[in-house]
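A.B. asks: Chain by chain, the residues:
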Amino acid sequence: MHSSTSSFERPTPDLPWRGILLAVAGLTLVAGAAWEIRCRAWGFGPTLNDTPDLWAQRRDAVRPDSLVIIGDSRAWFDLDLDQLEHGLGRRPVQLAIPGSCAYPVLANLADDASFHGTVICSIIPLIYLAPGGPLVEHSEEALKRYKTRTLAQRASHQLGMIAEEHLAFLKEGDLDLDGLLKEVPWPKRAGTGGPRTPPYFNSVDRERRARMVAACEQPGPLQDRVKFGWPPLFTAPPPPSYVPREAFLAQMGAAVEARFKNTTSAVQRIRARGGQVIFVRFPVTGELKKLEDAATPRAGPWTRILKESGAPGIYFEDFPELASFVCPEWSHLSAADSIEFTLRLVPHLRQALAQAATPAGR
Amino acid sequence: MLFNSLTFVVFFVVVLGLYWSLSSWEARKNVLLVASYLFYGAWNPPFALLLFATTALDFYLGSRIAGAATPGSKRGWMIASVTSNLSMLGYFKYGNFLLENVHWLLARVGVNYAPPHLDIFLPIGISFYTFHSLSYTLDVYRGVCQPTRSLRDFTLAVSFFPQLVAGPIVRAADFLPQLVAAPTLRAGQFQWGLLMMTLGMFEKTVLADTMLSGAADSVFSYGGPLLAVDAWAGVLAFAGQIFFDFAGYSTCAIGAALCLGFHLKDNFRFPYAALGFSDFWRRWHISLSTFLRDFLYFPLGGNRVGPWRAAVNLIIVMFIGGLWHGPAWTFVVWGLIHGGLLVVEHVARALGKDAPWVHSLGARLALTFATYVAVCLAWVFFRAADFTTAARLLHAMVGTLPHGDPLLTTRALVQVAIVTVGLLLAHGLLRDTSVEAVVQRMPRWLVASLWTVMLCAIILNQGAAHAFIYFQF
Chain C
658 MHSSTSSFER PTPDLPWRGI LLAVAGLTLV AGAAWEIRCR AWGFGPTLND
708 TPDLWAQRRD AVRPDSLVII GDSRAWFDLD LDQLEHGLGR RPVQLAIPGS
758 CAYPVLANLA DDASFHGTVI CSIIPLIYLA PGGPLVEHSE EALKRYKTRT
808 LAQRASHQLG MIAEEHLAFL KEGDLDLDGL LKEVPWPKRA GTGGPRTPPY
858 FNSVDRERRA RMVAACEQPG PLQDRVKFGW PPLFTAPPPP SYVPREAFLA
908 QMGAAVEARF KNTTSAVQRI RARGGQVIFV RFPVTGELKK LEDAATPRAG
958 PWTRILKESG APGIYFEDFP ELASFVCPEW SHLSAADSIE FTLRLVPHLR
1008 QALAQAATPA GR
Chain W
255 MLFNSLTFVV FFVVVLGLYW SLSSWEARKN VLLVASYLFY GAWNPPFALL
305 LFATTALDFY LGSRIAGAAT PGSKRGWMIA SVTSNLSMLG YFKYGNFLLE
355 NVHWLLARVG VNYAPPHLDI FLPIGISFYT FHSLSYTLDV YRGVCQPTRS
405 LRDFTLAVSF FPQLVAGPIV RAADFLPQLV AAPTLRAGQF QWGLLMMTLG
455 MFEKTVLADT MLSGAADSVF SYGGPLLAVD AWAGVLAFAG QIFFDFAGYS
505 TCAIGAALCL GFHLKDNFRF PYAALGFSDF WRRWHISLST FLRDFLYFPL
555 GGNRVGPWRA AVNLIIVMFI GGLWHGPAWT FVVWGLIHGG LLVVEHVARA
605 LGKDAPWVHS LGARLALTFA TYVAVCLAWV FFRAADFTTA ARLLHAMVGT
655 LPHGDPLLTT RALVQVAIVT VGLLLAHGLL RDTSVEAVVQ RMPRWLVASL
705 WTVMLCAIIL NQGAAHAFIY FQF
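Just so you know, the protein sequences line up as chains C and W, in that order. Quick note on the working numbering: the first sequence kicks off at 658 and runs consecutively. Quick note on the working numbering: the second sequence kicks off at 255 and runs consecutively.
I should point out that these hints are in silico values taken from the structure, not numbers from a laboratory. Certain hints may be false.
With the C-beta cut set under 8 Å, the calculated list includes, among others, these residues of chain C facing chain W [said to hold, decoys possible]:
id	residue
1	Glu666
2	Pro673
3	Ile677
4	Leu686
5	Gly689
6	Ala690
7	Leu808
8	Arg846
9	Ala847
10	Gly848
11	Gly850
12	Pro852
According to the in silico footprint, chain C covers these stretches of chain W (three or more CB under 8 Å from chain C) [stated by the list, open to error]:
id	region
13	528-534
14	596-606
Idealized CB from N, CA, C, for every residue including glycine.
Just need the whole structure built from these sequences, with the hints factored in.
C.D. replies: Right, dumping it as structure tokens:
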């Protein structure tokens, strides 16, 4: 028995609590249902949020001989997992992250001594060569989650997926409080803020297969908003005011050089273990294509990456059957086209794999 | 397990169901104990063993202190408890900090020795549960608390999941008596506990994470000079963020405990309405400030040893208080600033206590505002990653930089302004009352409406659960 006594007791306000709790539960349910109906009327549907937790769960699915897709959103939208499985005999693991540089994930696979599978890596030079900032941080954030997830976080993710598959209003970034506040037409403060990320225009399933929603595949306000949002996102921000321009450019140049060198090293480590890496340039159209071609001509980074790493590459423009697709919002294929595109890409992937497996290819 | 996670919602519902469905008090305590270790082990299971080792050692040392035949041996066992607890805390939390400083000092005298970096993973909440446990042996030594004969009860007192990882620092002397007999829920206590949890969650997820953290993070991570408005907005955002984050956790903990029939004391009492720094520390992280007062300041002699020693004692206590928050000199400087402010306040009070103007409303408002501004300036050192960042921000705030960059968007500035004004108004209006008293006076429809709004905002705010800032301490 404890002989000490504590006389402390918190007061409880004297109110009809049972009725209040019932009222709160009822009002919250009604408000939630009304909000769900409103969100669906806006065109939102239930979909998983593409969180670092979902990515980490897919990273867990990578086996030593897996077929792995890494890169940016083009590999995420444009590749159909069923077609790849059918064509290459293995179910791929989708690890491409929208708005991200693939290098940290490539390095992670290269550092994984057990991995000797096949990597399909999307290359958009403007994104892949980003020396730092959000493009690299997105990949690093996913990797960090993969390495540090706790049991509680894994459980929360499993529970969250069940809810997200049924409720449209659980769309992060668009329908959460932060996303809604972003939609308020705040006056622009000179010199602040960056370009807006695109709004909801795709669904995601448990394998992280992304599919463009119908409203974005057709001309209209959503397609325009996504389309015209790309050029600012693909334009490098100005150097920070507090770093001399020359020093900044030198720093960026060194970081880009390091990226070329490190990419070669990562590819060679994977190939040394019997694995393979194939770089793919996915379709891009319209003004965005002009912008990318002007900033990073094919003879530049793409050619150099292939030459230095020795890995095979597939450039969509080299093959009429791949070059004939039109991206509705300039950057990604529609859900239907992504199936057809993958079907047509498979023979080229097979050929590249066969070529890479020969002594000359190695 | 984070309070603001779906896992916790399910966990809490299951624990509540099991706990209240059992009639045996002993069985219910067993449920709470297992739940508490599951709650902690969900982060990193091996660290639950460390938690138990600390607890078991203090349980043993508590009984030795109580059973000691002489004051000398009693003191010896108490010192053993303090040493073992602080050694463990020191190793896990301050090991690398110590080595880095030894390296720096040796380099100053020309010795080129680079100690190896210890690859230590900091057990979450170690600063809190070490103090929970240590309070027991210290209170047994002081005669404030009789030793318990039940290891299970003591283990539960240290690990009780609502307050385990981020406080309040609940003393065993306050908690153990609540384990003697099964608690009875007063009418409305369960629902009031749920409302407290909703309020705490709202403070954390909506106000701290969504409304303020972006501005604070942007400003404190910016590498260049800022305009004064951006620097101030970032610092005010952090002042609000850390309050809502930590007070939110404490409120959740108090609410969760209430649902289980336990009573935890307040950890915050509207601190930004404090009139002076002594008042601030009576309102901010009360469980830590009273712990340091009872177990450090008073044993050092407090203010009974003359003004100079009292001043030194204050500085020592705040130095330790700063260091408790983390292994960085920025935390130490933050603590020393508060120590210095407390000393200045004591001197000012001694000199100006008879001045009639001090008691006027205008003077009280001005002094309250000055306290808030000084506390915000001190937060710069608490949040900044290094002294260079802190100095740059302070220069920007006082306008001594030749030029600065605009950083925060209109939206961020508006959010910081609205939440800060709301926070200060709420603290100012409620400084002499309590949440319970305010709710008692509200019409029921207003209570239901506010509760619904908070709940809906939390649901609307769904997404990645951000860890509580104080978890790292």
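A.B. asks: Hint compliance check: list the failing hint numbers for this structure, sorted ascending.
C.D. replies: Those not satisfied are hints 4, 6, 12, 13 and 14.
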